[in-house]
Amino acid sequence: MRRQFVKTVESLMAKDERLVLLLGDIGVFGFRNAFKQYPERAYNIGICEQAMTSLAAGLSMEGLIPVLHSIAPFVVERCYEQLKIDLCYQHLAANIVSVGASYDYAALGCTHHCPGDISILQALPGMQIVIPGHASEFDRLFNSAYSNSSPTYFRLSERSNQENYDVEFGKARIIKSGDKATIIAVGSILDMVIEAVQDLDVCVLYYTTVSPFDDYTLRENCKSGKIVLMEPYYSGNMINDIHATLGEKSISIKSVGVPNKFLTDYGKVEEHDVSIGLTPSNVRKQVEGIIRAR
Amino acid sequence: MVTQVQINRLKKQIIKATVPVEEGHIPSAFSILDILWVLYDQVLHIDPSNPKNDDRDRFILSKGHGALALYAVLAEKGFFPTSELERFATFNSILGGHPDRNKIPGVEASTGSLGHGLPMGVGMAMGMRIRGVSSNVYVLVGDAECNEGSIWESALLAAHHKLSNLTCIVDYNHSTDRALLLGDIALKFSSFGWFASTIDGHDHDAIYDALIKRKTDRPTAIIAETVKGHGCKPMENNPAWHHGAPTHEDLPSILEELS
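Protein sequence lines correspond, in order, to chains A and B.
If you're matching positions, the first sequence starts at 1 in our numbering and goes up one per residue.
If you're matching positions, the second sequence starts at 1 in our numbering and goes up one per residue.
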């Protein structure tokens, strides 16, 4: 996804003179062509995420479209108030693109983990949140949302689904139809879900935009009222949206994702997956459990 | 002399605005009123009837709690009717305790949380350079605001990118000396690569002279030595007045101080 991010942004910089790239001293080599071709619109701002975010707001006030980039904890948590006041409250267009989703940088430890980014960003009115599951999906989603006059967070992951889908900004996609339960899969967790439930009579909805929430697709595809929510970050973020959508119905929700605790081990991403139960076998167990439940 | 009469008239408007709502940062406003007056009266190229004009100069009040001074000056210059001051901080007023760009004609940035205005000004100055707009950006920060790390991140960035179209004015009223001693702020900005000077922040000629001086290869910092609550003796350097309004009963005697 990172390579696609570079390709997509460099391609847009050639077409749209409003685009300005701001790097938090991350991805500088990757964007070497942008620095060469558009020196007046490509900046390595340095490691000062608070000023970088406010600076982006200033650029946006001038009619430009900034793209801010750093590792998730630094471009979300370090500068949270700047995202809130300078971008969201002031209704300014900007694109925040992070790498290092959840525990992608497992071996680097908790300072570089960020499974809490989505829950805190969802608390910001006006913040759009996009979680592609494949590089091609990032390209499609970025192209359709980067200039829509709202701050938008794009969460890139080191992980990718095998297949890419023709996703649309703001819309969920039906991957599989079925009656006994509805599985909501967000971003790069889709492959695990498909592996776990492909032979079960369940519906799989694939969300690559978390905010704004596509309530219509859920409402039309949840006859059972039984939902397994699969999120690759702190679990349960979408529960409020689900309740707001289906509130009048009797529903049961099983939420699977990253538990709300520090993952203090190192090693590989896959080892953490096993440790916290993000495996196809556990997903299947959860789905079968909710199907059986009365 | 005429100007001093005008400044006192604005100060009276500011005080009166706070009384009905028992709200406002009067001493902070008085600390910066002379600077804002000189900016809007003599320096900024901006048309109150067309405050979004692309070639206007931009001003950001980064210490947003000094908003009443900005409101009084903007109203005096015709950005909105002076009668709006009478509705200050009421439920559906456009004028709140801190300035809001989405409500108030002439306000460039919504501020209030300290340390945001200067980096936004850096972004505006960079953006204007990218777009080929030759106007200038002025940002007023407080000395207490200079406790924030983002101010010094911005100082590094503005110097590194040689933003000669950016001026930062520091309202040095020493209200934060009780927390952190800032020492020679001009020296600090100079060492970051800015063209910096220190002036009397209540001397209109000195303010004007400093505002029109700039270098072509670096941003400008003006450290304005000021008195918090300037011109109203009971309020001057009196922390009890930092966030407070006179009562209806106290109002005549407070206004008398400005006569």
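No wet-lab data here; the hints were simulated from the structure.
Since the structure is predicted, the reported quantities are computational estimates derived from the model, not experimental observations.
Check the hints yourself; a few may be wrong.
As the list claims (entries may be wrong) - Computed footprint of chain A on chain B; a stretch qualifies when at least three of its residues, placed anywhere within it, have a C-beta under 8 Å from a C-beta of chain A:
| id | region |
| --- | --- |
| 1 | 96-109 |
| 2 | 149-159 |
Claimed, not checked - Chain A regions said to be covered by chain B (calculated; three or more residues, Cβ under 8 Å):
| id | region |
| --- | --- |
| 3 | 61-70 |
| 4 | 88-101 |
| 5 | 268-277 |
For each residue, glycine too, the CB sits at the ideal point set by N, CA and C.
* To do: Quick one: which hint numbers does this structure break? Sort them smallest to largest.
  => Of the numbered hints given earlier, the structure breaks just one, which is hint 5.
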